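In case you want the letters, here they are:
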Amino acid sequence: MKRTTIKRAISTLAVVVIIIVLVVVVAAGVYLATLKFANKPTQTGPSVITIGMTMPLSGTFASDGQMSLDGIKLWAQDVNSSGGIPVKSLGKSLPVKLIYYDDGSSAQTVATDYQTLVTQGVNFLIAPYSSPLTLAAAPIAEANHILLLSHGGASDSIWAKGYKYVVGVLSPASQYMIPVIDMLSNMNPKPTNLAFFFGQDPFSLSVMSSVEPYALSKGFKIVFNQTYQETATDFTSQLAQLQASGAQVLIGGAHFVDGETIMKNLQSLGIHLDLVSLLVAPDDPHFLSDLGSLANGVTVPSQWEPNLNFSQFSPYFGNITSGEQFYSRFMSTYGIAPNYEAAEAYATGLVLEKGIIDSGSLNSTVVRQQLSTENFYTFYGHFQIDSTGKQIGHTMVVAQWQNGVKQTIWPPSVATASPLYPAGLQIQQPSTLSYRSQGLSTPALVGSPSTFMWSASFIANTLTVYSTSPSKE
Amino acid sequence: MSAALVAELLILGLMYGLLYGVLAMGLTIVFGVMKVVNVAHGDFVIVGSYLSYWAYVLAGLNPILSLLLTIPFGFLLGAATYLGLVRRVQNSPELMSLLLTFGISTLIGGLLLFLYSPTQRAIPIALGSFSYGTLSLPVNISVAAVYAVAVAVALRFFFYRTFWGKAIRAVIDNRTSAILVGINPDTVSLLTFGIGIAIASSVGSIIMLLQSVSPLSGPDFTLISFVIVVLGGLGNPPGALVGGVVLGVVESLASLVVNAAMTPAIGFLIMVAVLVIRPQGIMGRRGGD
Amino acid sequence: MLKDLLFEKRKLSRYIVPWAVALALLVLAPYFVSPSLRSFLLFLLMWIALSQSFNMFTGLTGYVNFGFVAFYGLGGYGMTISLLHFNIPIYLALIIGGLLSSAFAFLVSWPTLRLRGAYFAIAMLSLAQALFVIFDNWNLVNSATGYTFPVVYYDPTLEYYYMLAVAAFTVICLYLLMNSRVGLALKAIKQDEETAVSIGINATFYKALAFAISAFFAGIAGGVTTWTITIIDPPSAFDTTITLTSISMSMLGGLGTLSGPVIGALILYSIEHYFGLTLPYLHLIVFGIIIVVVVLVIPQGIIGEITSKLKIRDGGGG
Chain D
1 MKRTTIKRAI STLAVVVIII VLVVVVAAGV YLATLKFANK PTQTGPSVIT IGMTMPLSGT
61 FASDGQMSLD GIKLWAQDVN SSGGIPVKSL GKSLPVKLIY YDDGSSAQTV ATDYQTLVTQ
121 GVNFLIAPYS SPLTLAAAPI AEANHILLLS HGGASDSIWA KGYKYVVGVL SPASQYMIPV
181 IDMLSNMNPK PTNLAFFFGQ DPFSLSVMSS VEPYALSKGF KIVFNQTYQE TATDFTSQLA
241 QLQASGAQVL IGGAHFVDGE TIMKNLQSLG IHLDLVSLLV APDDPHFLSD LGSLANGVTV
301 PSQWEPNLNF SQFSPYFGNI TSGEQFYSRF MSTYGIAPNY EAAEAYATGL VLEKGIIDSG
361 SLNSTVVRQQ LSTENFYTFY GHFQIDSTGK QIGHTMVVAQ WQNGVKQTIW PPSVATASPL
421 YPAGLQIQQP STLSYRSQGL STPALVGSPS TFMWSASFIA NTLTVYSTSP SKE
Chain U
1 MSAALVAELL ILGLMYGLLY GVLAMGLTIV FGVMKVVNVA HGDFVIVGSY LSYWAYVLAG
61 LNPILSLLLT IPFGFLLGAA TYLGLVRRVQ NSPELMSLLL TFGISTLIGG LLLFLYSPTQ
121 RAIPIALGSF SYGTLSLPVN ISVAAVYAVA VAVALRFFFY RTFWGKAIRA VIDNRTSAIL
181 VGINPDTVSL LTFGIGIAIA SSVGSIIMLL QSVSPLSGPD FTLISFVIVV LGGLGNPPGA
241 LVGGVVLGVV ESLASLVVNA AMTPAIGFLI MVAVLVIRPQ GIMGRRGGD
Chain B
1 MLKDLLFEKR KLSRYIVPWA VALALLVLAP YFVSPSLRSF LLFLLMWIAL SQSFNMFTGL
61 TGYVNFGFVA FYGLGGYGMT ISLLHFNIPI YLALIIGGLL SSAFAFLVSW PTLRLRGAYF
121 AIAMLSLAQA LFVIFDNWNL VNSATGYTFP VVYYDPTLEY YYMLAVAAFT VICLYLLMNS
181 RVGLALKAIK QDEETAVSIG INATFYKALA FAISAFFAGI AGGVTTWTIT IIDPPSAFDT
241 TITLTSISMS MLGGLGTLSG PVIGALILYS IEHYFGLTLP YLHLIVFGII IVVVVLVIPQ
301 GIIGEITSKL KIRDGGGG
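Chains as they are written, first to last, in my numbering: chain D, 1 to 473; chain U, 1 to 289; chain B, 1 to 318.
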């Protein structure tokens with residue numbers, strides 16, 4: 001009796017497993033069938049230029065990814081509203097279609113999603129923001145011979161891998177902090193002690209490895225050199241050591257979130273520095289709205305600033321003739337100011353556009369070949385790549401927050417203001433910083449925590465042996 | 001490396017240690033009473049953080065004032081979680097309660113992520129620092145430490161001077177005897193879980209003075225609490241405080257010697273070492289559970 | 001032991017049929033499916049391999065390994081370094097990755113397997129985190145930058161077959177484990193370790209063995225996955241989501257059963273894949289709910305509940 005029960009049970013199990021497997025295969029077959037006829041060029045040729053990408057819209061690089069995506073979407077919108085991109089080989093202009101997914105700042109998701117994009121049938125690929133994610137997408141583009149444009153992956157290692165289909169629009173990491181060192185060398189009095197505090201990620205480490213020997217060659221001393229875990233939420237113990245090292249200038253950072261944390265920790269330790277130069281973070285307008293007066297004096301190596309104007313150079317490409325024009329286009333579309341991540345993403349669209357127009361083709365190999373001969377200017381700056389696809393034409397500038405306005409301070413030929421130096425961190429007293437709207441309608445009562453502030457200040461003052469002076473520095 | 005720097009790091013470590021130690025107390029009493037390891041402990045911290053954040057955004061309440069919200073909210077949330085979910089696995093193998101709270105942890109993280117997106121949230125209050133010559137101590141962590149001490153004192157009073165506090169201690173000590181003298185283990189469990197989550201939630205408010213949070217920040221706090229609880233002995237509240245201070249000081253001072261990014265590894269390795277050498281923790285009792 | 005196997009053989013033939021059919025379909029798949037679907041199957045097989053290796057230890061011993069991803073990551077790194085630094089051929093590099101994982105498992109089994117349930121879980125979680133931090137700062141393994149594979153190694157079809165092989169071997173090994181002396185011992189340990197020890201079972205040895213075998217397969221799966229996505233860095237190699245997903249899949253299907261994790265992987269990965277693109281935050285909520293519901297309502301998982309109702313043991317077992 002038991003035997004038959006067991007037999008039946010196993011048979012049931014067997015049937016269950018087989019059914020499930022068969023269902024999967026059939027469903028897959030159906031899916032495959034629908035896929036085969038989607039996005040495939042019709043007999044008369046493609047009707048749209050498909051550009052695929054993922055963007056980190058969540059996770060570590062969320063704010064950077066969002067800026068980049070906004071930039072690219074704006075470009076697509078502008079291209080389509082002016083009739084699309086003329087493709088000589090097809091004899092007509094085609095509109096642009098963007099396909100994008102959120103990769104959650106995960107390399108693994110990037111890999112699977114780009115594979116999906118390739119299968120869906122894209123003409124071109126744009127890389128996700130950040131070096132590690134660009135590196136994750138590159139091999140898939142390469143293996144499928146599809147052009148991959150990097151707008152937010154600057155690490156030099158991307159172009160050291162021998163990829164033939166990856167083109168960089170932005171200045172590589174090795175360029176970032178060089179202008180800052182140049183600027184410091186020109187200061188009077190020239191600082192001597194530098195502190196390096198870079199994040200642990202390929203991009204920042206890449207920047208560090210180029211700026212370190214350069215700084216030493218210019219006669220600076222590096223009195224503090226540590227890296228930090230970007231995902232950590234507090235750097236107080238490391239920054240306390242920086243404080244004790246006698247550094248006058250802090251150079252470092254990585255991306256947005258940790259950059260803000262560094263500033264807050266510096267303030268909570270009461271650290272005085274003549275200059276702070278952080279990667280990426282200070283260029284985002286949220287940096288100012290989050291930190292308020294704490295942002296004052298902070299510098300950032302920048303790929304692009306709104307005051308830049310390249311229209312006098314030729315050949316010049318694109319309907320946007322100045323940085324200011326891009327700034328207002330972006331502002332009126334999205335309601336926030338663009339940072340250089342948005343600009344470089346838009347410029348990437350322009351580069352692709354020019355490549356298609358000049359080569360007359362939608363074939364990645366042809367367009368890639370075309371780009372290697374290109375030498376032109378856009379509102380973003382100069383475009384010219386070397387044989388590996390790395391950007392060699394574009395140059396960096398240095399920007400600084402001065403009283404709530406971001407000024408370009410280096411090189412002198414494009415500067416809108418002279419550097420605020422020594423900039424120092426001025427704030428010692430407790431303060432309320434301006435609040436950034438989180439997409440809510442302006443909070444009616446952003447009550448000032450004044451009672452608390454007063455009592456904290458009172459306690460602080462009565463307990464300290466040496467009272468905090470409001471205008472130190 | 002000056003004496004002032006070492007002193008500053010020592011004090012910083014002490015203060016962080018107190019804060020996390022108190023957080024760990026919440027975890028350890030839950031284990032002591034119910035033998036449940038709450039893997040979601042850190043996620044409840046984040047719930048409190050978000051509550052404080054929105055209290056600030058919508059009503060201008062600073063994190064200290066929002067404690068008035070997060071403490072009762074945390075208690076009620078804890079009680080509800082206990083009644084609805086945890087109670088059912090109290091008597092199952094430990095594997096089950098571990099997995100259940102793990103599921104709750106995932107769920108909380110997912111809900112927060114879904115509701116509030118992954119954007120980091122911070123309350124933009126800057127408190128400056130106290131300066132003593134070359135020494136400077138951030139005001140915010142000092143406030144956190146004061147809070148931690150206040151909680152520890154309050155808990156001490158609760159556990160030693162009130163009926164239910166003593167009942168909880170009795171159950172931690174010897175569950176069977178406690179039942180025999182007429183203590184209702186279910187009520188005790190309910191109270192304990194509520195208190196544990198209330199502590200976590202309140203620490204969430206305080207955390208907003210120190211750093212930003214995102215929906216997935218929870219497990220970091222859980223992990224720190226775990227390490228401390230192991231150091232101090234599972235089910236041993238004063239041990240948790242001591243363990244917290246030890247961990248805080250060691251990690252802080254370790255940053256002088258190794259790259260600070262590595263200090264979490266040191267904490268973990270210490271914990272594993274303690275588990276091997278003295279599994280009951282620094283202050284735990286030998287034998288029993 | 002041979003006698004045990006022989007005794008099972010009568011049931012074996014009937015039982016093996018569905019598995020053989022599934023295997024045959026999967027072997028033939030690349031010839032008639034699209035690359036996108038093949039990619040889907042590849043990652044499905046990866047999750048099958050991972051949840052089965054998780055099952056191999058946690059399902060059989062009842063110890064929850066919250067640091068499971070450590071095995072995956074170590075396998076990935078072991079394979080990558082062998083391949084890129086020492087030019088060892090891929091199949092060998094994968095084995096080395098697996099062995100590295102096993103070695104690590106053996107190493108930590110001495111201090112950790114002496115610990116009871118909750119302590120063990122916490123210790124393993126911390127160890128995985130410690131590994132992440134160490135690798136992130138260790139220049140010898142390229143710290144935060146990690147490694148990327150040159151294009152030459154990119155071969156999706158080959159990668160698919162490797163992953164299929166890994167998944168198949170994991171299932172086979174689990175079956176053998178469950179039906180052997182070792183499986184019998186582990187079953188006794190899971191039920192009541194103290195009693196098992198008292199009747200002379202060397203618990204430490206058997207637990208360490210299951211631990212190391214679990215690590216081996218997880219390591220190889222990690223190696224193949226790294227090869228497929230061509231990039232490895234500490235955040236992706238020691239991503240705790242991998243542990244989370246493996247746990248969810250095995251639990252849903254049934255810890256301690258043979259086909260459970262396969263079913264669990266199938267269901268959960270399909271959900272994640274088809275909805276993950278459009279609703280990226282939802283899958284965490286789904287996983288969380290699944291774990292909670294499984295624990296409270298069907299603690300033995302789908303297959304576990306079915307087989308216990310029908311009073312048979314899935315996969316045989318002593």
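Any given hint could turn out to be false.
[Claimed, not checked] Think about it this way: if two alpha-carbon atoms lie no more than 25 Å apart in a straight line, the pair counts; the simulated DMTMM-like pairs of lysine to aspartate or glutamate are:
#	chain 1	residue 1	chain 2	residue 2
1	U	166	U	220
2	B	187	U	94
3	B	309	U	220
4	D	390	D	142
5	D	390	D	274
6	D	221	D	142
7	B	190	U	186
8	D	164	B	155
9	D	164	D	324
10	U	35	B	272
11	U	166	B	194
12	D	161	B	155
13	U	35	B	155
These aren't lab readings, by the way, just hints derived from the structure by calculation.
Since this is a predicted model, take the numbers as computed values, not measurements.
Consistency of the hints with the structure:
This hinted pair does not check out: residue 166 (chain U) and residue 220 (chain U) have alpha carbons roughly 31 Å apart, beyond 25 Å. Using a Cα cut-off of 25 Å, the hinted pair residue 187 (chain B) and residue 94 (chain U) holds, with the two alpha carbons roughly 17 Å apart. For the proposed pair residue 309 (chain B) and residue 220 (chain U), the alpha carbon gap of about 40 Å is over 25 Å, so the pair is violated. Note on residue 390 (chain D) and residue 142 (chain D): the hinted pairing holds, with a Cα-Cα distance of about 15 Å set against a maximum of 25 Å.
For the given pair, residue 390 (chain D) sits about 34 Å from residue 274 (chain D) by alpha-carbon distance, which is inconsistent with the 25 Å threshold. With a CA separation close to 42 Å, the supplied pair residue 221 (chain D) and residue 142 (chain D) exceeds the 25 Å bound. With a C-alpha separation of about 28 Å, the suggested pairing of residue 190 (chain B) with residue 186 (chain U) is violated against the 25 Å cut-off. Between residue 164 (chain D) and residue 155 (chain B) the CA atoms are separated by roughly 18 Å; this keeps the pair inside 25 Å, and the hint holds.
Taking the CA atoms of residue 164 (chain D) and residue 324 (chain D), the gap is near 35 Å; set against the 25 Å cutoff, the hint is violated. A hinted pair counts as satisfied when its Cα atoms are at most 25 Å apart, and residue 35 (chain U) with residue 272 (chain B) does not qualify at roughly 34 Å. Between the alpha carbons of residue 166 (chain U) and residue 194 (chain B) the distance comes to roughly 33 Å, so the proposed pair goes past 25 Å and is violated. Distance check on the hinted pair: residue 161 (chain D) and residue 155 (chain B) sit about 18 Å apart at the alpha-carbon level, within 25 Å; holds.
Distance restraint check for residue 35 (chain U) and residue 155 (chain B): the Cα-Cα separation of roughly 50 Å exceeds the 25 Å cut-off, and the hinted pair is therefore not satisfied.
Going through the hint list in order, the structure does not satisfy hints 1, 3, 5, 6, 7, 9, 10, 11, 13.
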